[in-house]
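A.B. asks: Oh and the sequence shown: position 151 is 151 in the UniProt record's numbering, straight run, nothing missing.
The reader is advised that the hints may include incorrect statements.
[Said to hold, decoys possible] Here are the simulated distance ranges between beta carbons: (1) Met172 <-> Ser143: 17 to 27 Å; (2) Lys56 <-> Cys178: 41 to 51 Å; (3) Trp167 <-> Phe127: 35 to 45 Å; (4) Leu101 <-> Leu199: 14 to 24 Å; (5) Trp182 <-> Pro141: 32 to 42 Å.
In case anyone wonders, no lab produced these hints; they're calculated from the structure.
C-beta: ideal position from N, C-alpha, C; glycine also.
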Amino acid sequence: MEPPPAQSNDETAIRTRITRHMNTSHRDSLSLFLRHYCNVPAPSATPESTTLETLKQDSLILTSQGKRYHIPLQPPLSTLTFSAATRQRLIEMHNECLRGLDLSDVRITTYRPPDTLIQRINFLVVFLTMLSFSRRANFSPGSLFYETSGLSFVPSFAWFCSTIQPWLITPMLGIHVCEVVWMARTRLRRHGVERWSRLWWEWVATCFIEGLGAFQRIDGMVRDKEEEMKKREK
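All chains, full assembly: derive it from the sequences and hints.
C.D. replies: Take a look at the structure:
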């Protein structure tokens, strides 16, 4: 009668070790489990609030913000004593959640301002264009912009700018709003930037001004992080 208790003790030790490891190092995965398998909204399943209560052969029991959630394992694990198989199952679940939620393992946690000469020039030119063309009155004699920008010396150019102002600023703002929406949906959300956070606003604001440059930088950051992850896996 000695073997059964030994196996039970092994399973208990492995269950405890895996539970502790998941709660210490992989709360982001636990959050994804709730969002994908239990359809819990992201604000109610943050990594900080989600914990693995227990691991069974046929299910996971998670808690978040005072609520308990049951996630069945299909098919059930044959045993908990083979920790490699358990680890592989959890990895597969993590990857399935990423695909289902259209998220990436790469997280953007910092903001990078324009960092090349071309990007800085582009940012400045677009910003000044938006500022000057924000009001048609800016090109009228007597306005602060007209008197301080030198337009008083080229009144014909001021008249031209005043004429095209509504035809330039309206589509310009429309295009940049579309770029912001695209950035938020395909970059910020996918790479774990919380909506309305300071980081989110930094990327949204710079994208609204410069457009393409912001996409180039954030895509470069993602490539760098992906290369780092590949090196760690080797």
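A.B. asks: Taking the hints in turn, state whether each one holds.
C.D. replies: Hint-by-hint comparison with the structure:
{"no.": "1", "hint": "Met172 <-> Ser143: 17 to 27 Å", "result": "holds (20 Å)"}
{"no.": "2", "hint": "Lys56 <-> Cys178: 41 to 51 Å", "result": "holds (48 Å)"}
{"no.": "3", "hint": "Trp167 <-> Phe127: 35 to 45 Å", "result": "violated (20 Å)"}
{"no.": "4", "hint": "Leu101 <-> Leu199: 14 to 24 Å", "result": "holds (19 Å)"}
{"no.": "5", "hint": "Trp182 <-> Pro141: 32 to 42 Å", "result": "holds (40 Å)"}
Hint compliance for this structure: hint 3 alone is broken.
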